[in-house]
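Chains as they are written, first to last, in my numbering: chain A, 1 to 328; chain B, 1 to 508.
Don't read these hints as lab results, they were simulated from the structure. Do not take every clue at face value.
As the list claims (entries may be wrong) - Mimicking SDA-like on lysine to any residue, the simulated pairs with C-alpha atoms at most 25 angstroms apart in a straight line are:
#1 A:Lys89 x B:Asp229
#2 A:Lys184 x B:Ala48
#3 A:Lys88 x A:Ser307
#4 A:Lys188 x B:Ala121
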Amino acid sequence: MQKTLLAVAGLMLATPAFADGHANTLTVYAPDYFGSEWGPGPSIEAAFEAQCDCDLVYQTGDVLPRLLLEGENTEADVVIGLNTDVTKKARESGLLTTHGVDFSGLTLPIDWTDDTFVPFNYSHTAFIYDNTKLDGFDSFDALLDAPDDVRVVIQDPRTSISGLALVLWVNAVYGDESEAAWAKLAPKILTVTKGWSEAYGLFTDGEADVVLSFTTSPAYHIIAEEDLTKSAAIFDEGHYFFVELAAKVATTDNTDLADQFMAFVLTPEFQSLIPTTNWSFPAALPADQWPDGFQSLPVPEKVLFYSEEEAAALRDEAIEAWRAALSQ
Amino acid sequence: MARSALPIITMVPAIVAGAIVVVLTLGTLIAVALRAEVGSGLGPADWAAVRFTVAQAFVSASLSVGFAIPVARALARRQFLWRRLLITLLGAPFILPVIVAVLGLLAVFGRNGVLNTALAAIGLPEVSIYGFHGVVLAHVFFNLPLATRFLLQGWLAIPAERFRLAAGLNAPVGRLLEWPMLCVIVPGAFLVIFVICLTSFAVALTLGGGPRATTVELAIYEALRFDFDPGRAALLACVQFGLCAIAALVAWRVSAVDALGTGLDRVVQRWDGSRWIDGIWITLAAMFLLAPLSMVVFQGLAGLDDLPAEVWPSIVRSVSVAIVSAFLTVGMALALALQGGRLVAVIGVLPLAASSLVVGTGLFLMIFPFVRPADMALPVTAAVNATLALPFALRAISPAVAATTENYGRLAAQLNVTGWAWVRLVVVPRVRAPLGFALGLAAALSMGDLGVIALFADADAATLPLTMYRLMGSYRMEAAAGAGLLLVAISLMLFWICDRGGRVNVDV
């Protein structure tokens with residue numbers, strides 16, 4: 001018993017050599033969904049390895065918390081899958097460096113000039129509903145005025161990035177009236193979940209009629225399931241912009257390889273893999289090159305977006321309006 | 001306890017096991033606190049979270065233990081076909097991954113669930129599960145099985161001779177035998193469940209219906225993952241430890257010492273109690289616990305066809321981790337139980353009070369300077385799962401070990417049966433049933449736990465629960481349900497094998 005415990009303790013404290021530092025290995029920190037078999041990771045890895053004569057390795061999990069915990073000793077060469085709401089913190093850490101990527105091919109609905117973060121796909125927050133059961137809503141006001149028996153499920157802005165985007169969206173649309181808007185929505189809110197997956201699960205199980213997700217969500221159902229019954233409600237007031245980013249780590253010992261990967265992110269090769277693996281709009285690919293299910297998706301005419309400074313300044317207030325109205 | 005008079009075993013294994021627990025719980029907390037840069041204090045919203053956390057945990061634990069008493073008594077005094085299978089299945093909710101359990105519960109109690117469909121059919125209004133009562137319902141669903149098992153073991157530990165004597169004297173069994181046993185078992189069972197509910201987070205939020213159902217653990221998650229504020233996370237984790245410490249002190253004050261003595265391990269034969277009332281309790285508990293479970297099976301079957309190849313290696317990983325972590329848990333629990341005493345009791349509750357997020361982050365900070373975290377993903381998961389399962393194993397094993405020491409320790413000391421021989425020849429055979437139970441429980445808990453893996457995960461070394469979450473994150477809800485079903489089936493199988501193994505030739 002005693003020996004077993006000591007052996008296990010020894011195992012835990014053993015110090016294998018760091019695998020870091022191989023000139024030909026590019027270590028990319030990515031969110032969980034990114035590196036899995038059905039995410040964009042594997043096909044991107046194959047495409048990049050075909051041209052770089054290197055080995056691309058993903059480390060999946062909580063990208064930014066991990067990078068911040070590791071600090072300058074991080075093993076990462078590139079991080080991918082960050083969102084705009086964490087860019088301020090990531091930038092201020094000084095752990096990321098400028099990318100030098102040419103943005104002329106970008107096809108985003110907003111202007112993007114950031115010298116640290118390269119966008120690789122985007123979408124907009126949107127409410128998804130079953131079009132065989134509901135008529136849909138053509139404005140945020142229409143959703144707020146919907147009967148109270150329409151059940152909406154959203155994500156918690158304190159634990160979920162899409163939930164945070166929602167409170168910023170409400171803030172962008174209603175400003176000082178946000179709390180009143182939330183109070184109108186409150187009776188329709190079935191529940192609030194920790195993350196996107198739980199909420200979307202409640203929606204597909206039929207527990208909720210409407211779910212907070214993205215304008216690109218119906219594409220999954222159309223392309224992968226040939227199911228045309230899921231639609232995104234497009235609001236006149238506009239939709240909050242949701243973008244995913246990549247950045248180069250300042251302490252990388254593989255600068256050339258990291259630069260090569262950052263440039264690769266905006267090539268048609270990488271971009272054409274995005275729609276049907278990450279179910280988002282590619283950031284640098286003209287719409288006529290998107291897959292069929294994407295080309296026909298309704299997109300909002302107006303796009304709302306707060307810069308990272310604005311979002312950071314508004315965040316606490318926007319969450320508090322949400323919390324106060326929903327805690328009644 | 002005969003501990004001080006009889007130095008029949010060395011303290012070293014207990015010290016090692018205790019050290020592991022303290023490092024993983026308090027050590028990780030200190031590691032996180034030391035990493036703090038700014039750190040903000042606690043605001044009114046945090047105190048609201050503390051109040052909600054305590055209130056729901058108190059009600060949940062009271063109801064779980066309250067309902068477990070008649071159910072466990074009914075199971076203890078009735079013999080029927082499939083009784084063992086039923087007891088195993090009744091344990092299932094406790095080992096379900098949170099998300100699977102929530103979707104199962106909603107399939108029964110949700111808007112489109114079985115219950116509301118039935119109510120609508122007979123013209124009654126819809127019942128909403130969301131709110132304080134929903135949180136309590138879910139926590140009772142998770143913890144009633146655990147409370148029932150603890151109490152059932154208490155009942156089965158009352159020697160058959162006492163019942164015979166009571167029958168011969170026509171004495172009241174309830175007051176003379178069962179009440180003293182409950183005074184020993186109930187406070188500890190209540191404490192464990194109270195603390196489990198204290199650290200709940202995703203269940204409370206989802207079934208609580210919104211920000212009113214904010215718990216301290218959610219605030220810790222927000223501080224660590226979203227705000228990257230380790231100081232605040234450490235402060236909140238201290239609050240959580242403080243609440244647990246208060247609960248533990250109260251529980252120990254009111255708990256009694258076992259005074260029933262020993263018997264010859266005969267099969268208990270009961271003559272008292274109403275067959276009907278017992279039958280009703282068993283049926284109600286079975287319906288409440290098995291209905292959501294059947295929905296999990298039902299929804300999962302459709303997804304089995306869609307499972308990607310990635311699932312199979314993840315099963316191998318999860319099962320290996322579960323086996324290693326189960327043996328580690330039982331080894332640690334046995335080492336601690338053989339030592340006994342208040343300090344061991346404290347160590348046995350510590351892991352319950354720890355926030356798994358703080359444990360994960362702290363451990364990451366501790367090992368990152370030396371090892372590549374991704375290389376350690378599986379060993380770390382096994383060690384942490386083992387520690388997190390320790391309180392349950394200790395609670396299952398220690399009463400039996402204490403009773404063995406109390407009843408046979410003097411004899412063994414006289415015969416000079418000490419040290420390893422004492423453990424091997426006397427203790428292990430006598431505590432084999434709870435040992436098997438603890439092993440099974442630890443293995444099953446390890447299967448379903450996601451806990452700390454988020455920071456350590458390697459893209460190519462996902463466990464089964466992580467694979468399930470990845471499927472959900474990629475819109476593949478049906479396949480995720482299939483993976484959930486596999487997870488439940490494998491967890492239950494591991495539990496059954498271990499639990500059964502401990503019971504071969506034992507008539508309980």
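Verification of the supplied hints:
no. : hint                : verdict
1   : A:Lys89 x B:Asp229  : holds, 11 angstroms
2   : A:Lys184 x B:Ala48  : holds, 23 angstroms
3   : A:Lys88 x A:Ser307  : holds, 10 angstroms
4   : A:Lys188 x B:Ala121 : holds, 24 angstroms
Violation of the numbered hints given earlier is absent; every hint is satisfied by the structure.
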